[in-house]
Amino acid sequence: MSAPVIEVRRLTRRFGDFTAVDAVEFEVQPGEIFGYLGANGAGKSTTIRMLCGLLAPTEGHATVAGHDIARDPRAVKRAIGYMSQKFSLYLDLTPTENLSFFAGAYGLQGAERRRRVEAALVESELTERRDTLTRDLPGGVRQRLALVSARLHRPQVLFLDEPTAGVAPDARRAFWREIRALARAGTTLFVTTHHLDEAEFCGRVGLMVDGRLVALDTPDGLKKAHVPGVFLSVFAQGGDLREALRGVDGVLGLQPFGRRLRVRMAADAPLAGPEALAAHLRARGIDGVEVERGDASLEDVFLELVRRSEKQEA
Amino acid sequence: MTPALVRTTALARKELAHLRRDPQMLAFALVLPVILLLLFGYAISFDLDRIPLAVVDRDQTAQSRALKQRLTAGKLFVEIARASSTEAVEPLLRRGVARAALVIDADYARHVLRGEPAPVQLILDGADNSTAAVALGYATALARAEIPAPPVLPVEVRARALFNPGLRSAIFILPGLMTFILAMVAVMLTALTVAREYERGSMEQLFATPARRLEIILGKLGPYFVLGLVQVLLVLTVGVALFGLPVRGSLTLLFGVASLFLLAMLGQGLLISVVTRSQMIASQIAVLSTLLPSLLLSGFIFPISNMPLPLRILARIFPASHLVSALRAILLRGNGPAEVASDCVAIAAFFGVALIVTTRRFRRTVGA
Ligand SMILES: Nc1ncnc2c1ncn2[C@@H]1O[C@H](COP(=O)(O)OP(=O)(O)O)[C@@H](O)[C@H]1O
Ligand SMILES: [Mg+2]
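Top line first, the protein sequences correspond to chains A and B. According to our numbering, the first sequence is numbered sequentially starting from 1. According to our numbering, the second sequence is numbered sequentially starting from 1001.
Treat the hints with care, as some may be off.
[What the hints assert, rightly or not] Listed next, the stretches of chain A that the computed footprint assigns to chain B, with coverage defined by at least 3 CB atoms under 8 Å from CB atoms of chain B:
no., region
1, 85-96
2, 99-111
[What the hints assert, rightly or not] Sample of chain A residues facing chain B (criterion: CB under 8 Å; computed from the structure):
no., residue
3, CYS52
4, ARG74
5, LYS77
It should be emphasised that the hints constitute simulated quantities derived from the structure, not laboratory data. No experiment lies behind these values; they were computed from the predicted model shown. Don't be surprised by glycine CBs; every beta carbon is placed ideally from N, CA and C.
Only chain A is shown next, with the shape it has when bound in the complex (with noise of 0.2 Å):
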């Protein structure tokens, strides 16, 4: 395995008393989707800023594609791309502006910076549009527009914080392909969401709740881990599902979702089969009954962490 581009040791970063970032420690490998998640107010954005150079921490260390953040944060700057939460790109200026600016920004100029800035356009597909105001272009063309923006200058680390934030559904699936070519070309992505959805296409994933990182692996190794079991999705026409399933061995959670019921039940318990369970279920009088298998996602595992997490502080 090659060094880590990210290495984060015990960071944290207080603001007063409050402490937005708490003793978090990971590592990142190069050409990683490193999907960071968690609610508002976590803390997603502040370990963003350490680790841009932006903000410095008040305990622990990271270093970013081999330079401390503290010690050396124009270096980090230099290796970094970085896309703000709040600002994507300047409204009143056109893409072509926007690109030459950033080019600029980072050093670059002459024929180089035409290069690329040419080669952006090209890429966004906003050559026939080079001089339109970006205002006036749809929010899914602005999303991609500063994703090539941040990468002009070829970074080795790109850390998006909430890219897809306000983008369509559909141009949401559109970026997220273009993330996992950028991580296939060998780049490594730092991306905060907090749409659940989204991690699945991380490689990694790390969960952040009140400042604190609870829990980091891949996708199907956090459900393995935090929500064992079988998922069973029930529909009933009549009848109170909840009281025909109380007393049944080894169901570990119910979650309404729509108009059916997510079960979750230990995968050696007798009923941990749709037929089992809609046999049970017909016994128990209820009128057309129908169950599926289902999966476990991403947003049970947050769920089930944020409630342990407060059962514990509680």
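Following the hints, complete the assembly by docking chain B with the ligands onto the known chain A.
Below, chain B with the ligands without anything else, positioned relative to chain A:
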């Protein structure tokens, strides 16, 4: 180009692109000064002559006619109406046909010949009190030339600093006006452009690039510095062409002092925006913090020497008063570097303090 220069020019070019997209800003910077100049310049130089005067001469003697002639001989008053009584004059004043009325009583000549105080009334349109003050001053001076005692004047007007016996007020106020315009535009535009980066969230994006703080400041504010110099040129040109402003001293020295003042104003604007981070609040503070010092505390309208001590100190802290006095020295008196050196030091001190406070603040709150 060195990387630092590449980054700085990239920022400056971006700023120019913003300015191009926002013509109101450019208009504010280049058209407003000319309008202000014309308004102030003409209002002051022409309002104070050709004041329409109504005359009530109840005496009808050689002496009363002489008084009237003395008043209307200059360009200050123009006789536009004669009336038989004070009552008949009032509607004229109310409608604005006349802005002043001279009432000479029936026994004027008798009093004058006996060397006694002669009752003469000058009724002035007090609504326009700066004109009133000047007119009153002139009329009194003119009348006194013959009359031993001051005429009875039923209007209460306080003498004001606008009173300028040279009647060349346009020239006298140009340095003040120039200071006011430079300060206002530079502080306002700087405050707005930096606050806008904070509001958009793009300031953090700028800090995430390898550009240093100083490069960001220089790149963003460079265009406004140049714009300020263009304003100086504009105001000078208009002043010389339309108001016969003399340029007795060195232009190089003038631009040197103006550049220093511009730097101080850019520093002030930057400080305001770094602290407030909101365009709305920044623009309000920008207006207040330039209007008061450059209009009221600069010696532009009110002489600083007449102010109470605390205001005098305040006036000396803000660079506006120093630019006004340096400009008067260079333009009107043809003074050289030695005479404006102390003003330059004062302006530089203000700039230094603004810069130190700003960079501290800029550093402490980066990315927050
Ligand atoms: N500059 C700051 N000063 C004080 N508190 C801050 C500052 N920045 C962030 N916080 C607080 O830290 C917490 C984490 O914020 P943030 O990292 O932005 O969360 P996330 O990106 O996960 O939504 C929030 O409660 C936020 O209010
Ligand atoms: Mg955030």
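Chain B contact restraint for CYS52(A) - C-beta distance below 8 Å: holds (5 Å)
Coverage of the region 99-111 of chain A by chain B, judged on three or more residues with CB within 8 Å: holds (count 10)
Per-stretch coverage check for the region 85-96 of chain A, three Cβ contacts closer than 8 Å to chain B: Three-residue rule met by the region 85-96 of chain A, so holds; n is 6.
Cut-off 8 Å, beta-carbon criterion: hint that LYS77(A) touches chain B: LYS77(A) check passes; min Cβ-Cβ to chain B is 5 Å, inside 8 Å.
ARG74(A) as an interface hint toward chain B, with CB separation required under 8 Å: Since the shortest Cβ distance to chain B is 6 Å, the answer is holds.
Figure legend: structure checked against the earlier numbered hints; every hint is met.
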